[in-house]
Structure formats: structure tokens, C-alpha cells
Amino acid sequence: MRRWVVVFMAIVALAALAVSPALAAEKIKLIMSIHTDFNREGLDDYIRAYEQLHPEIEIVKEVTPFEDYLKKIQIASVSGRGADIYHVYSLWGVELAKSGILDAPPPAVKNDVRKNYVPVAVNGVTINGDIWGIPTEIDNYALVYNKRLLREGGYSEPPRTWDELVEMAKKLTRFDSNGNIKQYGFTFLAGWESAVVHPFLAMLWSNGGEFLSADFKKALFNSPQGVEALEAQLKLFREKGTDVNGSVWDFPNGNIAMMVMAPWDENNLKTTMGERYADVGVAPIPVMKKPATALYTWFAGVGKSSKHKKEAWDFLMWLTAQVQGPNQTTRMGDYLAQRVGAIPSRKIDTENHPKELNDQYTATFIRELKNSIAEPNVAQGAEIKIILMNEIMAAWYGKKDARAALDDAASQINAILAKHYK
Amino acid sequence: MPARRAKRTISTVILVLCGVTMILPFAWLLASALKTRAELVAVPPVWIPKAPQWGNFVAVIGEVPLFAYYLNSLIVAGGISFSVLMTSAMAGFALAKYDFRGRDVVFKGILATMMLPSFIFIIPVYYMMRRVPLAGGNDWLGLGGYGLLHSHLSMILPFAVSAWGVFLMRQFMLGIPDSLLDAARIDGASEGRIFWNIILPLTKPALATVGIFTFISQWNNLFWPLVIATSAPELTTLTVGLKMLAIAFDPNRNSHLILAGLTLGILPVTFLFASLQRYYVKGIAMTGIKD
Amino acid sequence: MSKRTRTAWLFLLPVLIFYAIFLVFPVLSSFFLSFREWNMLTPPLQAPNVGWSNYKYIFTEDRVFLKALSNTFIYAMVTVPVSTALSILLAVLVYGRRRDGFWRLLFFLPTITTPVAIGMVWMYLYRPNYGLINSILNAFGLHSLDWLNNPATALLSIMITAVWAGVGTNMLILYAGLKDIPETYYEAAAIDGAHGWRRFWYITFPLLKPAILFVFVTGMIAAWQVFDFIVAMTAPALGKAGGPINSTMTMVLYMYQTAFEYLNMGRASAMAYVLFVIVLGISLVQLRLFRRGGIESY
Numbered sequence: 001m002r003r004w005v006v007v008f009m010a011i012v013a014l015a016a017l018a019v020s021p022a023l024a025a026e027k028i029k030l031i032m033s034i035h036t037d038f039n040r041e042g043l044d045d046y047i048r049a050y051e052q053l054h055p056e057i058e059i060v061k062e063v064t065p066f067e068d069y070l071k072k073i074q075i076a077s078v079s080g081r082g083a084d085i086y087h088v089y090s091l092w093g094v095e096l097a098k099s100g101i102l103d104a105p106p107p108a109v110k111n112d113v114r115k116n117y118v119p120v121a122v123n124g125v126t127i128n129g130d131i132w133g134i135p136t137e138i139d140n141y142a143l144v145y146n147k148r149l150l151r152e153g154g155y156s157e158p159p160r161t162w163d164e165l166v167e168m169a170k171k172l173t174r175f176d177s178n179g180n181i182k183q184y185g186f187t188f189l190a191g192w193e194s195a196v197v198h199p200f201l202a203m204l205w206s207n208g209g210e211f212l213s214a215d216f217k218k219a220l221f222n223s224p225q226g227v228e229a230l231e232a233q234l235k236l237f238r239e240k241g242t243d244v245n246g247s248v249w250d251f252p253n254g255n256i257a258m259m260v261m262a263p264w265d266e267n268n269l270k271t272t273m274g275e276r277y278a279d280v281g282v283a284p285i286p287v288m289k290k291p292a293t294a295l296y297t298w299f300a301g302v303g304k305s306s307k308h309k310k311e312a313w314d315f316l317m318w319l320t321a322q323v324q325g326p327n328q329t330t331r332m333g334d335y336l337a338q339r340v341g342a343i344p345s346r347k348i349d350t351e352n353h354p355k356e357l358n359d360q361y362t363a364t365f366i367r368e369l370k371n372s373i374a375e376p377n378v379a380q381g382a383e384i385k386i387i388l389m390n391e392i393m394a395a396w397y398g399k400k401d402a403r404a405a406l407d408d409a410a411s412q413i414n415a416i417l418a419k420h421y422k
Numbered sequence: 001m002p003a004r005r006a007k008r009t010i011s012t013v014i015l016v017l018c019g020v021t022m023i024l025p026f027a028w029l030l031a032s033a034l035k036t037r038a039e040l041v042a043v044p045p046v047w048i049p050k051a052p053q054w055g056n057f058v059a060v061i062g063e064v065p066l067f068a069y070y071l072n073s074l075i076v077a078g079g080i081s082f083s084v085l086m087t088s089a090m091a092g093f094a095l096a097k098y099d100f101r102g103r104d105v106v107f108k109g110i111l112a113t114m115m116l117p118s119f120i121f122i123i124p125v126y127y128m129m130r131r132v133p134l135a136g137g138n139d140w141l142g143l144g145g146y147g148l149l150h151s152h153l154s155m156i157l158p159f160a161v162s163a164w165g166v167f168l169m170r171q172f173m174l175g176i177p178d179s180l181l182d183a184a185r186i187d188g189a190s191e192g193r194i195f196w197n198i199i200l201p202l203t204k205p206a207l208a209t210v211g212i213f214t215f216i217s218q219w220n221n222l223f224w225p226l227v228i229a230t231s232a233p234e235l236t237t238l239t240v241g242l243k244m245l246a247i248a249f250d251p252n253r254n255s256h257l258i259l260a261g262l263t264l265g266i267l268p269v270t271f272l273f274a275s276l277q278r279y280y281v282k283g284i285a286m287t288g289i290k291d
Numbered sequence: 001m002s003k004r005t006r007t008a009w010l011f012l013l014p015v016l017i018f019y020a021i022f023l024v025f026p027v028l029s030s031f032f033l034s035f036r037e038w039n040m041l042t043p044p045l046q047a048p049n050v051g052w053s054n055y056k057y058i059f060t061e062d063r064v065f066l067k068a069l070s071n072t073f074i075y076a077m078v079t080v081p082v083s084t085a086l087s088i089l090l091a092v093l094v095y096g097r098r099r100d101g102f103w104r105l106l107f108f109l110p111t112i113t114t115p116v117a118i119g120m121v122w123m124y125l126y127r128p129n130y131g132l133i134n135s136i137l138n139a140f141g142l143h144s145l146d147w148l149n150n151p152a153t154a155l156l157s158i159m160i161t162a163v164w165a166g167v168g169t170n171m172l173i174l175y176a177g178l179k180d181i182p183e184t185y186y187e188a189a190a191i192d193g194a195h196g197w198r199r200f201w202y203i204t205f206p207l208l209k210p211a212i213l214f215v216f217v218t219g220m221i222a223a224w225q226v227f228d229f230i231v232a233m234t235a236p237a238l239g240k241a242g243g244p245i246n247s248t249m250t251m252v253l254y255m256y257q258t259a260f261e262y263l264n265m266g267r268a269s270a271m272a273y274v275l276f277v278i279v280l281g282i283s284l285v286q287l288r289l290f291r292r293g294g295i296e297s298y
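So the sequence lines, in the order shown, correspond to chains A, B and C.
Once you know that position 303 of the first sequence is 303 in our numbering, the rest is easy, because the numbers rise by one and skip nothing.
Once you know that position 98 of the second sequence is 98 in our numbering, the rest is easy, because the numbers rise by one and skip nothing.
Once you know that position 176 of the third sequence is 176 in our numbering, the rest is easy, because the numbers rise by one and skip nothing.
Check the hints yourself; a few may be wrong.
Facing chain A, a subset of chain C residues (Cβ under 8 Å, in silico) [what the hints assert, rightly or not]:
(1) Asn39
(2) Pro43
(3) Arg63
(4) Pro128
(5) Asn138
(6) His143
(7) Ser144
(8) Asp146
(9) Asn150
(10) Lys240
(11) Tyr262
(12) Leu263
It is worth saying that the hints were derived from the structure and are not from the lab.
Every residue gets a Cβ at the ideal spot worked out from N, C-alpha and C, and that includes glycine.
Build the full structure now, drawing on both the sequences and the hints.
Encoded structure:
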């Protein structure tokens, strides 16, 4: 019988051996965690160029779809295999810094960030008064419309006010004989928390309302201005200018007249629409009381568990801060403007990128930067926005009126804020 | 008897209706995997594609490492099945053919584990996997590395024993006459030899049932592979990979590719499993009804 | 200890070691963790003790958990009886047919197909504007429904798919049960003039009862842990699994999100224990029913 025990032990021992890591590689390996939409053509060229400059370093990309990206960053850390370099959404930064996943940048990096980036981007990487990374892309929202559909509906101009938008959306919506919508006048972004919350924030701010108090102790969006903003959205549903099944992703099919969108959709529209891309028009979000839109940022940082923090920061600075080329821009600036389709945040890049930033699609977003308000870096930001999203959608679905939905969201969010801001 | 014939007709109609419902989603999947993007979103719907887009399959294979997913699923489901077979046969043998104090307690205890919801183990097991000493860069205290978390073992070990398997093997072995064992003992065979040379060959039908049933259910398992593959994409199994199709290809733009991927992911396996129906059905039938 | 006894324990050893490591220890640890606040990034023994607050939170402040609890309850209480009843009907209809093998294979197909894939296919069938189901409805002159897109019908849509996918397994178990009923019973009944409905009610059903109970109760335990269908059908279309507005949020899905998205291991452990108590309660009922159903080996 003892033989069995021996065999069993041998199997266990073999298994343990099999999974022990291979001997340490000679090169310094930097794992760079990014999301799919940031993995565009051209990034590999920069990586290879840097590896040639520094033969001792090897940079490996780990690409995760946006939907799973935050989860992936956290679970990788929990599993003991955190990345060396992260490119993250600013709002997540609060949690990632608090839970010890992000490394605090060296003083030289912090000073560079404070000096050389546009203020909204610096705010984006500022968490509890301290800088946690290097700002990369800025995204805000505008009204994207199909010129052909507007023309067919008898409109030569996009709407300027929300009332005009509701009126136009109603006229531009067409139904088939079964009552299904076959052409949407307007569709809302939906599917993840920012998609629903950001456009609402834009309208809230346009209507003179506030999101959270400055000290993050209280939700303010359920003010009369907020209720009015949500009411304005609901009017679209009631007047059949949109419904809950409309999807902005059908825009390239040519059956959506208007939607609220961010700069990053540019490449997708170009590739899926082909020649019909000429129909795409961009205008500011129709105003309620004053021009305003929502803005968010991303930043690059280094993992706290990284064994090569210095090398990681060096690479990031090379990528984001070194000015080069005929246009005197940074590599990150070029990459964002030309490949990702986002707005760069380093001052010199916004100044020296006239061509890419002034095209048919992006120009309006750039002009709207002056009206853009950044979403605050609040603790539990993702959770807070999920709550707000669910309540806004409850109003869309007609389960609650605007006031009840926002009040319910505010009371849940206040309970969360009370735990983090005393 | 006309009433009887009417009844027969009604029952046929019901069966045919249900049968069509069963087959329709598969038929739709197969047809849609061959459609163009435009045909998929057409109103009214296109049932059969005008020109079958075989290129969809090529495009999916080019974009998604389906073969690697298959291999991972094979390693994981195969590893689990093998381990479940060995442990179930051994434990079933002990519980069926030996009389010792505590036997019934052990047996009932093993049966009782079937009532535990799996989520109750998940969090500690995940952490334990990271802290396995001397594996994945860990020291002998289990600190410093990632343990077994980025190896197939992390997917196999937590399912290496199946209470259902033990139960089924025991039930089957109860039917083997003790006289066979006693005869072998008189001939001087050791207990290990009896198990290996007499019991195992006799339990082949039960082993086939346990093995195939375990393999199929583990092949289709999503939860644990999803948790593990989040930090170890190289371990992505077919189920996780199929779920990821919706993310890899935007469902709003590339549904034809998602559906082609689903087709490649399930049809071959479904037909293979269907051919093993006999064993599978025996497994479910043996569990609760006959004792 | 006699030699035989020692041998028996040796044969049991792998299973016992496994249960000690992968069952007893984790179950106790989970209980410990349910009183802690832990994100798995720090050593677990240093996690702060928060007493009963995890339990208190999920039952008082956390609206999502209560929603998940009620959704799961509805899901279990609807899908299991419907699926059981349907599978009895199908088993009886198929039994004794000439090509019963063909029919069994037909109903068998969904049961062995990966649930995630089934869910994803059905997600497409349910699409509001160009989905197959709505176009069938339209063909019969009925209006389209929003199915998964509407919080009022989303859970129902998932339950329909679950019944579709699960009815085959149950049918096969019941079919096996039918086959075990000796033909002589029916012959005797025929002599007594019992046919059709009466025959089913007085002979088939009582003899099938153990199988029906088995189907019912194991279905119940599985239904309380539903995960795959929800993830497959709601995540791709709606971005976040469990939507819209948490109308398809279930216990295990919410635990998964709490643990592996919000890194709140303590709270997730508390939820796991709540689920454990529920499933245990069902299992105790199961034991009783089985005894009454005449199955002594359980």
C-alpha cells in the first residue's frame, strides 16, 4: 500500500516542479497593461524603438477589453502578477491608489506634470491633492449627427437647444408597420456607467446644476436643475424621439440621425462607414441654459508591485514628455491625435497638432474644451456612477419619475460618501 | 379507436412543436454564422444567407486563438476527469467493500458536500492557490509569488474530487460479489492488486459514465475558469473564450463573427457529446433513481 | 486497527485530504472572512474585524443584494416547477414512440451545449429590432417585445432560455424512470380498464415520484446558483451583467461582482453564507422529501 502513497507524493512533487517559473530572464521585462481601444497601430513601433535604445529592456503589452479592464487590473494585482505600467481611467485612480496598486511618481515626474499639462488633465491625475500619474488622453462629448438624415427631414442645421433637439428627433424617427422603430431621431449612449452618466452630467451642468459638493460630502444632482435635466431626457422618450432599444452603435448603418458621442469613436465611424463618413457632422451638445459638456481623462502610471519602477517611469517619460520630430510634439501626443483619435493633454501637443485636431470630427470637441467640466475624482467613483446610471435608466424605462429617480440615487450615493468623507 | 388516434395526433403535434423549438436556435446559429453583417441586421430578417460567408470562420480563427481555448479546456476537463475517476474509484471501493468504523459517517459526509453552494469556497481557495509554497515564485511560506494561480493546476485541483463520482462508484461496486474478492485474497493477492486487477476492470461501465459526465460538465464550466483567466489570459478555456467573443468583436458591429466563433466553439463538441449520450444518460439515471 | 481497516482508510485518503484542504478549511475561512473587511491585497489575518456589519449592510443598506435575492427566488420558483412539469409531459409523450431515440437526442442537444454559448445565441434571438423571436411574433400579427432590454421582461427572457436548455436533462432522467416501470403494471391496469389520464395518475405518477422529486430538488439547488445564462445574455448587450437596472441580478452574479470587481471579499463571504443557509434549508427539505419518496440511500 505504501507504494500508492509514494506515487501520489511523486505526482504532487512533479506538479510543483512543473509550475515553478523558469530561471529569471536576463532582460528587464516591463509589462504594460492597456485596454483594447488604446492598442492601435503605431504603439508597437514606439516600443520597439525604445527597446533598441535600451537593449536591456523588454516591453510586453497586456491588452484587455475596456469592459474587463478594471477587473483585470485588480485581479492581476490580487493574484500576484500586477503589471509594471498601467494606462487607466482617471476615476479608477482613486481606488487603485488607495488599495496600493499604483506607485507614487518620483518628484521629477510630478513637477513635469504640474508644469506642462492642461489644468483639466492635471486635475484628472490629482487624487487627494497629490499627483499619481502622467496624463494622456482627454475625452469630452458632443452631438454627432448624420447630415443626410437631417437633410431628408428638412433640416440644414443641427439643433442648438435641447428643445430643438427633441422637436427634430421626433420628426426624424420613423416606424415600420409593426410599430418597430426603423430610423431613430436620437439615441442615448448606454451599456456602461459613464455612457449614461456623462451625457446626463453635461445636461445637468448646462442647466446650471451641480454633481457633488466640492468636499464630496453630498450629492447635489437632485436639485431642481437636475430634475429638469433628466425631465428633458424623458421628454425625448415620451415624444417618441428615441426608445430604450436604440443603440448608438447602429449609427454607421445610417438609421440614426443624432447621438451624443466622444472623440474616440472617430476611427470606428471612419472604418465602418466608408464613403458615407462624409455624412458625419459634429456640433456642440444642445444647450439647456448655458454651453457645457462633460470631460474625463486617462493617465499612465506605474505599479507598486513592480520590481523595475525606475525603468518604467523612464520609459513613460520618454513616451510622454520628450518633444521630438518636425512638429515638436511628444510621441504620446502623436499617438493620441493620429491613432487613438483622442485629444492629447500635454500643452505642447495641443498647440502643435493643428491638422489632426482640426478635422471634420475632432475640431468641435477641441472647441468645446472651453465649455468642458471634468468629472470629479471621487472615492468609489465607479460604484457611485453605477447607482446613478441605474436610477437614470429606471426613469428612462418609466419605472420612476425624474425626481424620485434622482432622489433615490442621491440617498444611496450620500450613504457611500458618508463612509469616505467625514 | 378514433379518440386514441386523435390523442396520438395531438401528442405528435406537441412533440414536433417542441422539437422545432429545440432545433431552431441551432439552425439559426448555423445560418447566421454564414451571413454578412448587413443580412444579420436586415428587417425583415434574412433566414438563409444569399452567399454563404465561409470567410467569417477564417476571420474568427485569425482573430481569436480558438485552438488554444480548445486545448486549455481539454487539459482542464481531462485533468479533472482523470483525477475524479481515480479518487472516486478508490474511495468508492473503500466504502463499498470494506467494513470499518466511521464508514457511514464518511459516506454521509461526502454526500452532504453536494449541498454546499460552490461560492462558499471560492474566495479562500483562490487565495490558497496563490499561497501554495514553493510554486510560482513562492518561498516555502507561500509568499512572494503567485503560486499556482497561473497554471492549469489552479483550475484542476479545486474540482479534483467529486462527491457524485464517489457515490456512483460505490453504488456500482456494491453490486460486485464479495466472493470474487475473497477468492483473490485466498490466492494471495494484495488489496492494491485486487483493486487494480479485479475491481477496476469490472467497473468499466461506471468509470465510463463518471468520466464522460464529469468531462462534459467541466467542459461547460464557466465560473471558476472565468475567475482564474481574468489574471491569466493564457489559461482561457473555451467557455471563457466564447464569452469573450462578445468583447473581442463588438456585438453591435461584428455579430456575424461572434456567431461564427460560437459555431466553431460548440458544434463539434455538441456532436461529439451527443454521440456519448448513452453514457451520459446512464449517469443521470443512476444518480437518483436506482440505488 | 486491523490491516483491512487501514487499507480502507488508505483508499479514502486522497478524497479525505482533498476535502480537508478544499472544503473544510475554505468553509471555515469564509466564515471568518465574512466578519472582516478584506480586499485580498493585504494579509488576511490583518484584515480589520468589522463584526456583523457585512451582514447588516447587505440586508439593510444594499438594495442590489435584496434585488438579487428576490430575482433568484423568482428564478428558482418559476423555472424549476415549469421545467419539471414540461419534462414529465415530454417524457410521457416520447416514451413508447417508435423513434424515441431521435426525440431524446433532440432534447438532449441543448443540455450538453455550453450554457454561455446558448445564452449568447438567445441574446441575438431576443434582439428587439431585428431579432428572430420578434419577427416570428410580427409574422403572427403580434407586437414586438423588448425582451432583455426591458427590466419588466428581462428576467422572464432568461427563464425561458433556462427552461429551454434544462428541460432535456430532466426529461432523460424521467424517461429512465419510466423505463423502470414494469410493463405488467400497465397490463394489469388495462385489464382494470384504466387508460390515458387515469393510467398516468394511478400508475405512472406514483412510480415516477422519486425521479420527479430528484429532478425538482437538484434543479432547485442549481437554480439558486444561476450565473452562466445571466452573464452570457446581459453582459454583451447591456455592458454590465445583471442589467438593465439590476433586473437580472442574481445572488451568485452579485457575489462575483462584489468579490472580483469591487474586491470586497468580506461582504462577498457574508453573501455566500446567506446563500449557504438558503440552499441548506432547501436541502433539508430535499432530505425529507426523498425519504418520503422512498429513497433511503440519501
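Here is what the structure says about each hint:
About 6 Å separates the beta-carbon of Asn39/C from the nearest beta-carbon of chain A, less than 8 Å, and the hint is met. A cut of 8 Å between beta carbons decides the hint on Pro43/C: the least distance to chain A is about 13 Å, and the hint is violated. At its closest, the beta carbon of Arg63/C sits 7 Å from a beta carbon of chain A; the interface hint therefore holds under the 8 Å criterion. The closest approach between the C-beta of Pro128/C and any C-beta of chain A is roughly 4 Å, which is under the 8 Å cut-off, so the hint is satisfied.
Annotation: Asn138/C was flagged as interfacial toward chain A, and the flag holds, the nearest CB pair being 5 Å apart, inside 8 Å. Checking His143/C against chain A by beta carbon gives a least distance of about 6 Å; that is within 8 Å, so the hint holds. Interface restraint check for Ser144/C: the shortest CB-CB distance to chain A comes to about 5 Å, inside 8 Å, so the restraint holds. Interface hint at Asp146/C: satisfied, since its Cβ lies 6 Å from the closest Cβ of chain A, which is below the 8 Å cut-off.
Annotation: Asn150/C was flagged as interfacial toward chain A, and the flag holds, the nearest CB pair being 7 Å apart, inside 8 Å. Annotation: Lys240/C was flagged as interfacial toward chain A, and the flag holds, the nearest CB pair being 6 Å apart, inside 8 Å. Contact between Tyr262/C and chain A, as hinted, is supported at the beta carbon level, the nearest pair being about 7 Å apart and thus within 8 Å. A hinted interface residue such as Leu263/C counts as satisfied when its beta carbon comes closer than 8 Å to some beta carbon of chain A; here the least separation is about 6 Å, so the hint holds.
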